[in-house]
Amino acid sequence: MGTTSPGIDGVKSRRRLQLVGDVAAPSNDDFLVRVGRGDREAFAMLYDQIAPVVYGLARRVVRDAQIAEDVAQETLVEIWRQAPRFDPSKGRAMSWVAVIAHRRAVDRVRSEQSHRNRDVLVASERHGSSNGDEISAAIVREDTRIEVADSLACLTDVQREAIQLAFYDGRTYSEVAELLDIPVGTAKTRIRDGLIKLRDATSSIGGAP
Amino acid sequence: VNMPGRDDIHLLAGAYAVNALDDLEARRFEQHLTACSSCRDDVTGFVTALGTLAASAAELPPRGLRATVIQAVDQTRQTATSVSKRPHNQRHTLAFFAVFSIAACTAFAVLFVSQSHKNSQLSAKASVVEAADARTTQLVGGAGQIRVTYSSQENGSVLLADGLASAPAGQVYELWFISNGTPQRSDVPVRCNAACFDSHRTRTGLGFGACDYRRTDGRK
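Line by line, the protein sequences give chains A and B. Note that my numbering has the first sequence beginning at 1, numbered continuously upward. Note that my numbering has the second sequence beginning at 1, numbered continuously upward.
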């Protein structure tokens with residue numbers, strides 16, 4: 001990666017070099033292993049790394065900020081509880097965390113109460129918030145948007161739509177079929193084909209020398 | 001309710017990975033997983049994609065959450081490493097771990113390091129924006145506009161370049177701070193449509209009206 005090309009290529013290679021440099025620092029995996037041994041200090045550090053993901057995912061799935069906060073709290077305590085089961089040789093901490101967080105959020109949103117609440121919230125979210133909150137939200141949005149676009153760019157429009165409904169909205173594939181007015185078999189296939197592409201895209205990024 | 005026949009049960013690996021099966025189907029599929037290694041491989045691969053999708057949704061948690069969680073954790077016992085009984089609603093997740101544990105996926109190391117790096121940046125940005133002395137100012141120039149939030153308490157500034165025209169190919173923007181009449185270039189390249197964080201650059205006494213950004217050749 002010793003490129004000397006300026007501009008956009010230059011920015012990219014700097015960024016990658018920096019990431020490679022980070023590998024030496026304690027990773028989420030290290031923290032989670034320590035948490036699994038009952039290390040509360042490590043948990044506080046892990047919290048700072050994973051709470052934005054846990055909360056953000058809950059917020060995407062359940063919409064309601066208050067319910068999302070409850071779900072995030074439950075999830076984070078659950079992560080503490082189950083941490084002794086984490087084995088870094090068998091998977092990355094962030095995937096482990098994501099599985100727990102998504103399952104929790106989906107369980108919550110499938111209760112009728114949450115479905116009602118989130119419909120109300122879509123409407124109320126459109127009204128303004130305070131300046132500081134708005135900027136915080138914008139920062140996070142701008143930051144994540146590029147990565148989301150990157151990871152979803154490989155999908156066709158119909159695959160993206162199906163994955164978004166299933167993953168970010170917590171819908172079953174039958175609901176996805178109904179919402180998109182397509183046969184259930186098609187919904188099933190779109191989700192699967194989309195995930196295959198995402199998986200392959202992920203491994204080609206992660207596996208680059 | 002859609003009952004998959006024997007022929008298409010393999011197609012459910014994707015829906016299973018994103019928790020898009022109802023309880024009955026999920027149970028049937030888990031049973032199928034015990035006998036089908038290709039579906040186990042699929043689910044394992046999909047879980048890493050799921051990690052990426054989840055990380056992409058990162059958002060600043062409410063300020064009070066940290067203290068609440070830490071306090072709750074103080075009063076919560078961890079599970080033993082080998083546990084045979086568990087509450088019903090954790091069934092999916094735990095079955096999932098079992099599947100996930102079948103193959104290690106080291107290829108994703110770089111990606112998740114990137115995520116963890118991003119999240120620590122996120123915390124730094126959050127502390128600036130949420131600081132009691134945080135102030136935001138808007139800079140307008142020929143290329144568009146940017147917003148800068150800065151805090152002396154946190155000794156940093158956060159730049160939001162969401163109103164900036166794309167830099168020409170091969171070029172990036174730079175941000176210059178003027179401190180006591182001396183221009184200093186920020187170490188952080190300014191990406192369009194991105195927010196960046198710059199530590200040790202507050203210059204609150206001078207005001208950001210003196211800041212400028214311009215196109216450069218991107219060399220450092």
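Rather than coming from a laboratory, the hints here were simulated on the basis of the structure. Since we're looking at a predicted model, the values are computed, not measured. Treat the hints with caution; some may be incorrect.
[Said to hold, decoys possible] Reference listing, derived: stretches of chain B covered by chain A, where coverage requires no fewer than 3 residues with Cβ under 8 Å from a Cβ of chain A:
1. 9-16
2. 20-29
3. 48-60
4. 67-76
Where a beta carbon is used, it is the ideal one built from N, C-alpha and C, also for glycine.
These are the hints, each one checked on the structure:
Look at the segment 9-16 of chain B against chain A: 5 of its residues bring a Cβ nearer than 8 Å to a Cβ of that chain, three or more, so the hint holds. Counting residues of the segment 20-29 of chain B whose beta carbon lies closer than 8 Å to any beta carbon of chain A gives 3, which meets the minimum of three for the stated coverage. With a threshold of 8 Å between beta carbons, the proposed coverage of the segment 48-60 of chain B by chain A holds, since 13 of its residues qualify and at least three are required. Counting residues of the segment 67-76 of chain B whose C-beta sits closer than 8 Å to any C-beta of chain A gives 7, which meets the bar of three, so the coverage hint holds.
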